[in-house]
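A.B. asks: Could you put the whole structure together from the sequences, leaning on the hints where they help?
Just so you know, the protein sequences line up as chains A and B, in that order. Numbering-wise (the numbering used here), the first sequence opens with residue 20 and increments by one. Numbering-wise (the numbering used here), the second sequence opens with residue 20 and increments by one.
Some hints could be false.
Said to hold, decoys possible - Pairwise CB distance ranges (calculated):
{"#": "1", "chain 1": "B", "residue 1": "Arg158", "chain 2": "A", "residue 2": "Glu261", "range": "47 to 55 Å"}
{"#": "2", "chain 1": "A", "residue 1": "Phe263", "chain 2": "B", "residue 2": "Ser133", "range": "47 to 55 Å"}
{"#": "3", "chain 1": "B", "residue 1": "Ser133", "chain 2": "A", "residue 2": "Pro105", "range": "29 to 37 Å"}
{"#": "4", "chain 1": "A", "residue 1": "Asp243", "chain 2": "B", "residue 2": "Thr233", "range": "30 to 38 Å"}
{"#": "5", "chain 1": "A", "residue 1": "Pro105", "chain 2": "B", "residue 2": "Asp108", "range": "54 to 62 Å"}
{"#": "6", "chain 1": "B", "residue 1": "Val225", "chain 2": "A", "residue 2": "Glu90", "range": "43 to 51 Å"}
{"#": "7", "chain 1": "B", "residue 1": "Ser67", "chain 2": "A", "residue 2": "Met157", "range": "21 to 29 Å"}
{"#": "8", "chain 1": "B", "residue 1": "Arg158", "chain 2": "A", "residue 2": "Ala205", "range": "25 to 33 Å"}
It should be emphasised that the hints constitute simulated quantities derived from the structure, not laboratory data. Every value quoted in this text rests on a predicted model; they were computed, and no experiment measured them. Glycine included, each C-beta is placed from N, C-alpha and C at the ideal position.
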Amino acid sequence: MTSDSQSSTTASAADSPAQSLVSLKNVNKHFGDLHVLKDINLEVSRGEVVVVIGPSGSGKSTLCRAINRLETIDDGEIRIDGMVLPAEGKALAKLRADVGMVFQSFNLFAHKSILENVTLGPIKVKGMKGGAAKELAMSLLKRVGVDNQAQKLPAQLSGGQQQRVAIARALAMQPKVMLFDEPTSALDPEMINEVLDAMVALAKEGMTMIVVTHEMGFARKAADRVLFMADGQIVEQATPEEFFTNPKSDRAKDFLGKILAH
Amino acid sequence: MDSFLSLFAEYDVPGAFWVNIQLTFWAAIWSFLLGAILALMRISPIASLQWFGAAYVNIFRNTPLTVIIAFGILGLWGQLNVILAEDFDLNFLRLAIMGLSIYHAAFVCEAIRSGVNTVPLGQAEAARAIGLSFLPAARLIIFPQALRGAVAPLGNVLIALTKNSTVAFAGSVVESSNLMKEMIEFRGDLVIPIFLIFAMGFVIIVVPVGLLTTWLSKKLAVSR
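C.D. replies: Structure representation (structure tokens):
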């Protein structure tokens, strides 16, 4: 990208403060012959909580991962806070620091303690001093209820605890938006709620969140908008109340029929 | 028995082995550094670096060590006048260390890469997601875990290097196999004992290396 076009995007960001925080325009992606994202358009406002649901293979995880470019896209445009997502290099790393990500499989750094997992980003990416980073990390760990585990290694914690640490690790970067890629899918049932509670609390504090999940309870409780995806397309979007009681599309009716039958 | 012991009086056997240990020690350090850089190139996102790393490994892994060492003496020193030390013997020693390092770096690279494969992809993704670019992610997250997974294969490379240090003979370095040849020449009556001395000498050097790497790979294993 040339410096000219970069400064112009920055200028336009300043011109329209009301614009969306995350913006996807005509995003397409293929895995070989499979068209996983078909012309996706999505605007997420500051402070909005968007829950993405849909059958497996519908492209919802790919969508989530494309927003911080863990998946590249074939064409279209993704903007975070008005800035076009850079292709690679330092500019991309800098932008990723503003986008928190929580993975299905936690992905805590296995050789580092819980505390180091949380302080690593602030120290190495943001250049924060060790003491300040530790203070920040401990307050975040306390917030998600695992501050008493700070000196342990990830493998010594339960899945639910690990995922809460992963949330704290992402928050330590003070991100503008948090992405959750099926954060409770790898957890034992009794640990799902402790993670969802942390996420609900985060949503109440006004964090902008994009959450891919199968937890309909969370969608009802915390979402501002539910996005239903199928076959790589956004089929329907509505408030949770409207979506769950009165789905418009046949695909959504079929999907809800299957998961809510019991 | 007396004649056997006289071998040790006549010839400096420990001194010859000491040369092999020096060759191994320095070549281990240089090949590790070079191999780590090559491994970094091979896992980097930059295509030209990946290509260079792969080309290096495939060229040097598939070239006989004897050819590399002989080239050090006959090509680098003899033809191109590359001098690594003023002292004649030290120059040969350093050329041999260079040859051993260049050759074994290819194997170190592949051992480290096998270690990188033990690190789940999610670790790299998490590192990128908090805003680390390639080099810090490799240095802070990937390599520390990969090296622990690579201890056993790296140990194998070190064992091979220890024994391959005898190829420095081809580079006119006076080390144990050189001494062995000399001893056999002058004490043909003791061929079998002479062979045994050198075989046992290497076993004594190499066994602790194997024990150490097995112990280390257990102790350093990353629990997941």
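A.B. asks: For each hint, tell me whether it holds in the structure or not.
C.D. replies: We went through each hint and held it up to the structure:
In this structure the supplied range 47 to 55 Å holds for Arg158 (chain B) paired with Glu261 (chain A), their Cβ-Cβ distance being about 49 Å. One distance hint, 47 to 55 Å for the beta-carbon pair Phe263 (chain A) and Ser133 (chain B), holds here, with the actual separation near 49 Å. Our hint of 29 to 37 Å for Ser133 (chain B) and Pro105 (chain A) holds, since their Cβ atoms are close to 33 Å apart. Evaluation of the 30 to 38 Å hint for Asp243 (chain A) and Thr233 (chain B) yields a failure: the beta carbon distance comes to about 56 Å.
Look at Pro105 (chain A) against Asp108 (chain B): about 56 Å separates their beta carbons, and that is inside 54 to 62 Å. The hinted range of 43 to 51 Å is satisfied by Val225 (chain B) and Glu90 (chain A), whose Cβ atoms lie roughly 47 Å apart. Separated by about 44 Å at the C-beta atoms, Ser67 (chain B) and Met157 (chain A) break the suggested range of 21 to 29 Å. A C-beta distance of roughly 28 Å is found between Arg158 (chain B) and Ala205 (chain A), which places it inside the suggested range of 25 to 33 Å.
When the structure is compared with the earlier hints, violations turn up for hints 4 and 7 and for no others.
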